[in-house]
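Q: Sequence:
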Amino acid sequence: MSKELLFFIYFLTIVVFCIIRGWFMCMKKFNEVVATHLSLESVLIPIGDG
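In numbering that gives the first Met the number 0, the protein residues as written are 0 to 49.
Rather than coming from a laboratory, the hints here were simulated on the basis of the structure. You may find that some hints are simply not true.
Derived SDA-like pairs: lysine to any residue, alpha-carbon spacing no greater than 20 Å straight-line [stated by the list, open to error]:
no.	residue 1	residue 2
1	K28	F6
2	K2	V32
3	K27	F7
4	K2	S38
5	K27	S1
6	K28	T12
7	K2	H36
8	K2	E31
9	K2	F29
10	K27	L11
11	K28	S38
12	K28	L5
13	K28	V15
14	K2	T35
15	K27	S38
16	K27	V14
17	K28	L11
18	K27	I8
19	K27	F16
20	K28	Y9
21	K28	C17
22	K27	M0
23	K2	I13
24	K2	A34
25	K2	V14
26	K27	V15
27	K28	I18
28	K2	T12
29	K2	M24
30	K2	V33
31	K28	F7
32	K27	F10
33	K27	I13
34	K2	L37
35	K28	F10
36	K28	V14
37	K2	I18
38	K27	T12
39	K28	I8
40	K27	C17
Work out the full structure, taking the sequences as your base and the hints as a guide.
A: Here it is, written out as structure tokens:
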């Protein structure tokens, strides 16, 4: 499976979690996930012409 598909599945899981736990909890968790994902991206993908 592609990385995008896995991230989408993970996103859907968070959305379901949101509905269960409430919107504020969801946004807090989602922000954490996005921050983590972006920091991982910046670590895993080297800067081309730095």
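Q: For every hint, state whether the structure bears it out.
A: Each hint, compared with the structure:
The suggested pairing of K28 with F6 holds, with an alpha-carbon distance near 14 Å, which does not exceed 20 Å. Only pairs whose Cα atoms come within 20 Å are accepted, and K2 paired with V32 is accepted, the gap being roughly 15 Å. For the suggested pair K27 and F7, the alpha carbons sit about 18 Å apart, so the restraint of at most 20 Å is met. Taking the CA atoms of K2 and S38, the gap is about 15 Å. The hint holds against a cut of 20 Å.
For the hint pairing K27 with S1, the CA-to-CA distance comes to about 26 Å; that exceeds 20 Å, so the pair is violated. For a cut-off of 20 Å, the pair hint linking K28 to T12 stands: about 12 Å separates their Cα positions. Distance hint between K2 and H36 is fulfilled; the C-alpha atoms sit about 11 Å from each other, no more than 20 Å. A distance of roughly 19 Å separates the Cα atoms of K2 and E31; the hinted pair therefore holds under the 20 Å criterion.
About 18 Å separates the Cα atoms of K2 and F29, which keeps this hinted pair within 20 Å; it holds. At most 20 Å may separate the alpha-carbon atoms for a hinted pair to count; K27 and L11 meet this at roughly 15 Å. At most 20 Å may separate the alpha-carbon atoms for a hinted pair to count; K28 and S38 meet this at roughly 15 Å. For the proposed pair K28 and L5, the alpha carbon gap of about 17 Å is at most 20 Å, so the pair holds.
Proximity of K28 to V15 is assessed by CA-CA distance (about 12 Å); at most 20 Å being required, the pair is judged to hold. At roughly 15 Å between alpha-carbon atoms, K2 and T35 fall within 20 Å of each other, so this suggested pair holds. Straight-line distance between C-alpha atoms of K27 and S38 comes to about 17 Å, which keeps the hinted pair within the 20 Å bound. Restraint check for K27 and V14: satisfied, since their Cα atoms lie roughly 12 Å apart, inside the 20 Å limit.
Distance restraint check for K28 and L11: the Cα-Cα separation of roughly 13 Å lies within the 20 Å cut-off, and the hinted pair is therefore satisfied. At most 20 Å may separate the alpha-carbon atoms for a hinted pair to count; K27 and I8 meet this at roughly 18 Å. Taking the CA atoms of K27 and F16, the gap is about 12 Å. The hint holds against a cut of 20 Å. With a C-alpha separation of about 12 Å, the suggested pair K28 and Y9 falls inside the 20 Å cut-off, and the hint holds.
Taking the CA atoms of K28 and C17, the gap is near 9 Å; set against the 20 Å cutoff, the hint holds. Simply put, K27 and M0 have alpha-carbon atoms about 27 Å apart, too far for the 20 Å limit, and the pair is violated. A hinted pair counts as satisfied when its Cα atoms are at most 20 Å apart, and K2 with I13 qualifies at roughly 16 Å. Proposed proximity of K2 and A34 is supported: the alpha carbons are some 17 Å apart, at most 20 Å.
With a CA separation close to 18 Å, the supplied pair K2 and V14 stays within the 20 Å bound. A hinted pair counts as satisfied when its Cα atoms are at most 20 Å apart, and K27 with V15 qualifies at roughly 14 Å. Distance check on the hinted pair: K28 and I18 sit about 13 Å apart at the alpha-carbon level, within 20 Å; holds. For the given pair, K2 sits about 15 Å from T12 by alpha-carbon distance, which is consistent with the 20 Å threshold.
Pair hint K2 plus M24 does not hold up; C-alpha atoms about 25 Å apart against a cutoff of 20 Å. For the given pair, K2 sits about 14 Å from V33 by alpha-carbon distance, which is consistent with the 20 Å threshold. Between K28 and F7 the alpha-carbon distance is near 15 Å, which keeps this suggested pair within the 20 Å criterion. With a C-alpha separation of about 13 Å, the suggested pairing of K27 with F10 holds against the 20 Å cut-off.
Distance restraint check for K27 and I13: the Cα-Cα separation of roughly 11 Å lies within the 20 Å cut-off, and the hinted pair is therefore satisfied. With a CA separation close to 13 Å, the supplied pair K2 and L37 stays within the 20 Å bound. Note on K28 and F10: the hinted pairing holds, with a Cα-Cα distance of about 11 Å set against a maximum of 20 Å. In summary, the hint linking K28 to V14 is supported, as the alpha carbons are separated by about 10 Å, within the 20 Å threshold.
Of the supplied pair hints, the one linking K2 and I18 is violated, its CA atoms being roughly 25 Å apart against a limit of 20 Å. A threshold of 20 Å between alpha carbons decides the hint, and for K27 with T12 the separation of about 15 Å falls inside it, so the pair holds. The straight-line distance between the Cα atoms of K28 and I8 is roughly 15 Å, inside the 20 Å bound, and the hint therefore holds. A hinted pair counts as satisfied when its Cα atoms are at most 20 Å apart, and K27 with C17 qualifies at roughly 10 Å.
Consistency with the previously given hints fails for numbers 5, 22, 29 and 37, ordered from lowest to highest.
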